[in-house]
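> Which chain is which? The protein sequence lines are A and B, in order.
If you count by this note's numbering, then the first sequence holds residues 3 to 318, one letter each, in order.
If you count by this note's numbering, then the second sequence holds residues 94 to 432, one letter each, in order.
Some hints could be false.
Computed list of lysine to aspartate or glutamate pairs in EDC-like fashion (alpha-carbon distance at most 16 Å, straight line) [to be verified]:
#1 A:K117 / B:D341
#2 A:K117 / B:E139
#3 A:K176 / A:D152
#4 B:K316 / A:D24
#5 A:K22 / A:E97
#6 A:K68 / B:D119
#7 A:K241 / B:D342
The calculated label-pair distances, taken between Cβ atoms and stated as ranges, are [what the hints assert, rightly or not]:
#8 B:Q203 / A:N51: 46 to 54 Å
#9 A:K146 / B:Y159: 56 to 64 Å
#10 B:I339 / A:T134: 49 to 57 Å
#11 A:E171 / B:A281: 55 to 63 Å
#12 A:S196 / B:I339: 30 to 38 Å
#13 B:Q425 / A:K21: 24 to 32 Å
#14 A:L303 / B:I339: 47 to 55 Å
#15 B:A288 / A:K21: 57 to 65 Å
#16 B:A396 / A:E171: 33 to 41 Å
#17 B:T291 / A:S196: 53 to 61 Å
#18 B:G300 / A:A50: 29 to 37 Å
#19 B:I339 / A:Y219: 26 to 34 Å
#20 B:K130 / A:S196: 14 to 22 Å
#21 B:Y389 / A:E70: 30 to 38 Å
In silico contact screen, one side only, chain B against chain A (beta carbon under 8 Å); selected entries [stated by the list, open to error]:
#22 G122
#23 Q152
#24 S153
#25 R223
#26 A326
#27 D342
#28 A343
#29 N412
Calculated directly from the structure, the hints in this document are not laboratory data.
Fair warning: this is a prediction, and the values are worked out from it, not measured in the lab.
Ideal Cβ positions, reconstructed from N, Cα and C, are used throughout, including at glycine.
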Amino acid sequence: MQNLSKVIQDTAKKLLEEKKVDLVVGFAQGSLPLRSTPYFARTVDQAANLIWDEYCENNLTNYLRKREEKVAVVAKGCDTRSIVALMKENQIDREKLYIIGVPCQGMIDRKKASKLVGGEILEAEINGEEITLKGNGFEQKAPKAELYYDTCIRCAYGNPVIYDELVGEEVAAKELSFAEVEEFEAKSAEERASFLAQEMEKCIRCYACRNACPTCYCPECFVDTSSPQWISKRAYSAKDNLIFQGVRVFHQLGRCADCGACERACPMGIKLSLLTRKGVKDVKETFGYEAGLNPDDKPVLNDFTPDDPQPFLMKE
Amino acid sequence: MIIKKSEIAGLLDQLAKEYRVYAPVDENGNIAFKAIKEGAEAKLGENSKKPPKEILFPQSEELFNYSVNQEGLRMDSKVDDTKSVAIGLRPCDAKSIMLLDNVFSNDQYQDVYYLARRDNTVIVSLGCNRPSGTCFCTSVNSGPFDTDGSDVLLTDIGEAYLVEAITEQGKELVGKLNLPEADAEAKALAEKAKASATVASEVDLAGLKEKLDGMFTHEYWDKLHEKCIGCAACTYLCPTCHCFDIEDDAKDCEGCRVRNWDACMFPLFTLHGSGHNPRTSGKERFRQRVMHKFNYFVDRYNATACVGCGRCIKNCPVNMDIRQVLAEIKAQDTGSEVG
Ligand code: SF4
Ligand code: SF4
Ligand code: SF4
Ligand code: SF4
Ligand code: SF4
Numbered sequence: 003m004q005n006l007s008k009v010i011q012d013t014a015k016k017l018l019e020e021k022k023v024d025l026v027v028g029f030a031q032g033s034l035p036l037r038s039t040p041y042f043a044r045t046v047d048q049a050a051n052l053i054w055d056e057y058c059e060n061n062l063t064n065y066l067r068k069r070e071e072k073v074a075v076v077a078k079g080c081d082t083r084s085i086v087a088l089m090k091e092n093q094i095d096r097e098k099l100y101i102i103g104v105p106c107q108g109m110i111d112r113k114k115a116s117k118l119v120g121g122e123i124l125e126a127e128i129n130g131e132e133i134t135l136k137g138n139g140f141e142q143k144a145p146k147a148e149l150y151y152d153t154c155i156r157c158a159y160g161n162p163v164i165y166d167e168l169v170g171e172e173v174a175a176k177e178l179s180f181a182e183v184e185e186f187e188a189k190s191a192e193e194r195a196s197f198l199a200q201e202m203e204k205c206i207r208c209y210a211c212r213n214a215c216p217t218c219y220c221p222e223c224f225v226d227t228s229s230p231q232w233i234s235k236r237a238y239s240a241k242d243n244l245i246f247q248g249v250r251v252f253h254q255l256g257r258c259a260d261c262g263a264c265e266r267a268c269p270m271g272i273k274l275s276l277l278t279r280k281g282v283k284d285v286k287e288t289f290g291y292e293a294g295l296n297p298d299d300k301p302v303l304n305d306f307t308p309d310d311p312q313p314f315l316m317k318e
Numbered sequence: 094m095i096i097k098k099s100e101i102a103g104l105l106d107q108l109a110k111e112y113r114v115y116a117p118v119d120e121n122g123n124i125a126f127k128a129i130k131e132g133a134e135a136k137l138g139e140n141s142k143k144p145p146k147e148i149l150f151p152q153s154e155e156l157f158n159y160s161v162n163q164e165g166l167r168m169d170s171k172v173d174d175t176k177s178v179a180i181g182l183r184p185c186d187a188k189s190i191m192l193l194d195n196v197f198s199n200d201q202y203q204d205v206y207y208l209a210r211r212d213n214t215v216i217v218s219l220g221c222n223r224p225s226g227t228c229f230c231t232s233v234n235s236g237p238f239d240t241d242g243s244d245v246l247l248t249d250i251g252e253a254y255l256v257e258a259i260t261e262q263g264k265e266l267v268g269k270l271n272l273p274e275a276d277a278e279a280k281a282l283a284e285k286a287k288a289s290a291t292v293a294s295e296v297d298l299a300g301l302k303e304k305l306d307g308m309f310t311h312e313y314w315d316k317l318h319e320k321c322i323g324c325a326a327c328t329y330l331c332p333t334c335h336c337f338d339i340e341d342d343a344k345d346c347e348g349c350r351v352r353n354w355d356a357c358m359f360p361l362f363t364l365h366g367s368g369h370n371p372r373t374s375g376k377e378r379f380r381q382r383v384m385h386k387f388n389y390f391v392d393r394y395n396a397t398a399c400v401g402c403g404r405c406i407k408n409c410p411v412n413m414d415i416r417q418v419l420a421e422i423k424a425q426d427t428g429s430e431v432g
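Sequences are here, hints too, so could you generate the full structure?
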């Protein structure tokens, strides 16, 4: 990872020096253990602050919409899928974007890590496939792979789908899995409803989930309008909260790149990926389509082909 | 006096007969201050994700119900003056209530809803033996055993808590509990806990307010907000943020007026009826957050509207760290603009 940081820095410096781009969006050292932070490098000096590690969890595509300047972005698999989705929606001009693709094994879930040690992590160190977590009165080692975000464990697209330059070794192919969605689908309607109600009760309507998502960009979100006011702003209403999430997820159908950024951003630890991945799975089964994989096809809901699987059109 | 940890649940049950008791509880995986039914629910020692301001200033609060029909208009106000005890607040959070008092009770405005709760709530806080890595209370006029805002302060001494009544209200509450006196050993243990609690992180507030006075148009704001995604995690989870919005939830002529937390980070925050918004982008909004806490609040109430709890640092999705922001502000060259 150390080496990758160096390669990314050199790439960024070169791009800035040669004035191929005005800005490189990447990651810098965060201020907390297990945390890297989005970073905007505009000078060669600033490029030296760029890093790459297992804590680069944010989807940087969020910062690329409607940019005036020429931008380079450090992008993992899911970020590039979001880029493709946004290109189709004319939110990103490919001509003005330089993609530094980075193959990704997965990003480390801070909440999982602190659950594992049961205390505040004050220091973390990665050695190969192992991570050491240190805090007050404990020091614990764990295999890195066990601490990846669930979305990462189930992700089959760690390798960038488009790029101008690939940095690092491609990662081995993995099977895309919807195991947790299938488990959820198998529950009774009552069980699903009560699980969702319990999750939605936690929601404080901070909208970090919406704002962290690159494909959530309506200039005016339905939850923000006051005339008409579509839903109440009362955060204590699990029903209103579910309407908010329901509409958000519906707006993502065929567009969601399954990056998990919404769930990562949620301060209340709500299992949003169950909803988003249910959408991803349904779109895949209904139309045989996965968002952000192919820059040349049309967005699925803008398109019709007679050989769509279309199970919903068939008689039972 | 002391309270044995093993007796806390029973004591809270006893208190619950006379008071509504708020304590930190595990609510679907998040620690929150909630009115408890049984003492055993209380998880003292854990700090809440949502700040305890929600006890006095709920995120969503029904101010009054109304209905209009042939007979006329009916209005039921919902002022809540239930006698309450809130236990387990961190000293920084207790301090935040002192700051909120300024906002809800001043020479121009008295908020009946807040004040009814405030006047009827006894605050029992719990000192911090082991401050977290993101705490910086000692830099903002507070500290892990600060008593400002607490009626009673508890100190964890292992098997028990040392109990110190700070205010008259606190003495009255403690008086009802028939607690055993603390022996010399208990007192020594408490002193030791107080002495060994170190708040590792610091911010330097000296001169910050004056610096900000001259920074309204500084280019620093152009860059600062760049990575911020404009959610409200930092503001909703901040014990001192207090902006709200009022909406009517009504169907036909039956309705309810509700006050909800609002946040300067949202685009609707200062959107005028005319369509004009003085805070058009994330830049103006983030500046507002910093300025409100560290400049305007100081002007108005002679105090910084931050108690160093670190919640905004821990919960920001993009790791915006207010400690770094403040340090960067201090390092900015404000040239001739200072004044
Ligand atoms: S979702 Fe996939 S591409 Fe994105 S961080 Fe996880 S493993 Fe990498
Ligand atoms: S980020 Fe979480 S708490 Fe915030 S609005 Fe989204 S679901 Fe609710
Ligand atoms: S909805 Fe969530 S998982 Fe889907 S693209 Fe947006 S942030 Fe990523
Ligand atoms: S929590 Fe972070 S990203 Fe969200 S508004 Fe605050 S500073 Fe910005
Ligand atoms: S600004 Fe941050 S550290 Fe300060 S009181 Fe608010 S949440 Fe706590």
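> Each hint should be assessed against the structure and marked as holding or not.
Outcome of the hint check:
Taken as a hint, the K117 of chain A and D341 of chain B pair is broken in the structure, with Cα atoms around 41 Å apart against an allowance of 16 Å. Restraint check for K117 of chain A and E139 of chain B: satisfied, since their Cα atoms lie roughly 14 Å apart, inside the 16 Å limit. This hinted pair checks out: K176 of chain A and D152 of chain A have alpha carbons roughly 14 Å apart, not beyond 16 Å. Only pairs whose Cα atoms come within 16 Å are accepted, and K316 of chain B paired with D24 of chain A is accepted, the gap being roughly 14 Å.
Note on K22 of chain A and E97 of chain A: the hinted pairing holds, with a Cα-Cα distance of about 11 Å set against a maximum of 16 Å. For a cut-off of 16 Å, the pair hint linking K68 of chain A to D119 of chain B is broken: about 43 Å separates their Cα positions. Restraint check: the Cα-Cα separation between K241 of chain A and D342 of chain B comes to about 14 Å, which is no more than 16 Å; the hinted pair holds. Distance hint check: the CB atoms of Q203 of chain B and N51 of chain A are about 50 Å apart, consistent with the given range 46 to 54 Å.
K146 of chain A and Y159 of chain B have their C-beta atoms about 58 Å apart, which keeps the hinted 56 to 64 Å range intact. About 51 Å separates the C-beta atoms of I339 of chain B and T134 of chain A, a value consistent with the hinted range of 49 to 57 Å. Distance hint check: the CB atoms of E171 of chain A and A281 of chain B are about 59 Å apart, consistent with the given range 55 to 63 Å. Roughly 32 Å separates the CB atoms of S196 of chain A and I339 of chain B, a value that falls within the hinted 30 to 38 Å.
In this structure, Q425 of chain B and K21 of chain A meet the distance hint of 24 to 32 Å, their C-beta atoms being roughly 28 Å apart. At roughly 38 Å, the beta-carbon separation of L303 of chain A and I339 of chain B lies outside the given 47 to 55 Å, and the hint is violated. Between A288 of chain B and K21 of chain A the C-beta distance comes to about 58 Å, which sits within the given range of 57 to 65 Å. Look at A396 of chain B against E171 of chain A: about 54 Å separates their beta carbons, and that is not inside 33 to 41 Å.
Against the hinted window of 53 to 61 Å, the Cβ-Cβ separation of T291 of chain B and S196 of chain A comes to about 45 Å, which falls outside the hint. Between G300 of chain B and A50 of chain A the beta carbons are some 30 Å apart, a value that agrees with the proposed interval 29 to 37 Å. As the Cβ distance of I339 of chain B to Y219 of chain A is approximately 28 Å, the hint placing it in 26 to 34 Å holds. Range check, K130 of chain B to S196 of chain A: about 20 Å between beta-carbon atoms, so the 14 to 22 Å window is met.
Checking the proposed 30 to 38 Å range against Y389 of chain B and E70 of chain A shows it holds: the Cβ atoms sit about 32 Å from each other. Interface hint status for G122 of chain B: upheld, as the beta-carbon distance to the closest one in chain A is roughly 6 Å, under 8 Å. For Q152 of chain B, the shortest C-beta to C-beta distance to chain A is roughly 5 Å, which falls under 8 Å, so the interface hint holds. Nearest Cβ of chain A to the Cβ of S153 of chain B: about 4 Å, under the 8 Å cut. The hint holds.
For the restraint placing R223 of chain B at the interface with chain A, the shortest Cβ-Cβ distance is roughly 6 Å, inside the 8 Å limit, so the hint holds. The beta carbon of A326 of chain B is positioned within 8 Å of a beta carbon in chain A (closest approach about 5 Å), and the interface hint is therefore held. With 8 Å as the threshold, the beta carbon of D342 of chain B comes within range of chain A, its nearest partner Cβ sitting at about 5 Å, so the hint holds. Because the smallest distance between the Cβ of A343 of chain B and any Cβ of chain A comes to about 10 Å, over 8 Å, the interface hint for this residue is violated.
A cut of 8 Å between beta carbons decides the hint on N412 of chain B: the least distance to chain A is about 4 Å, and the hint holds.
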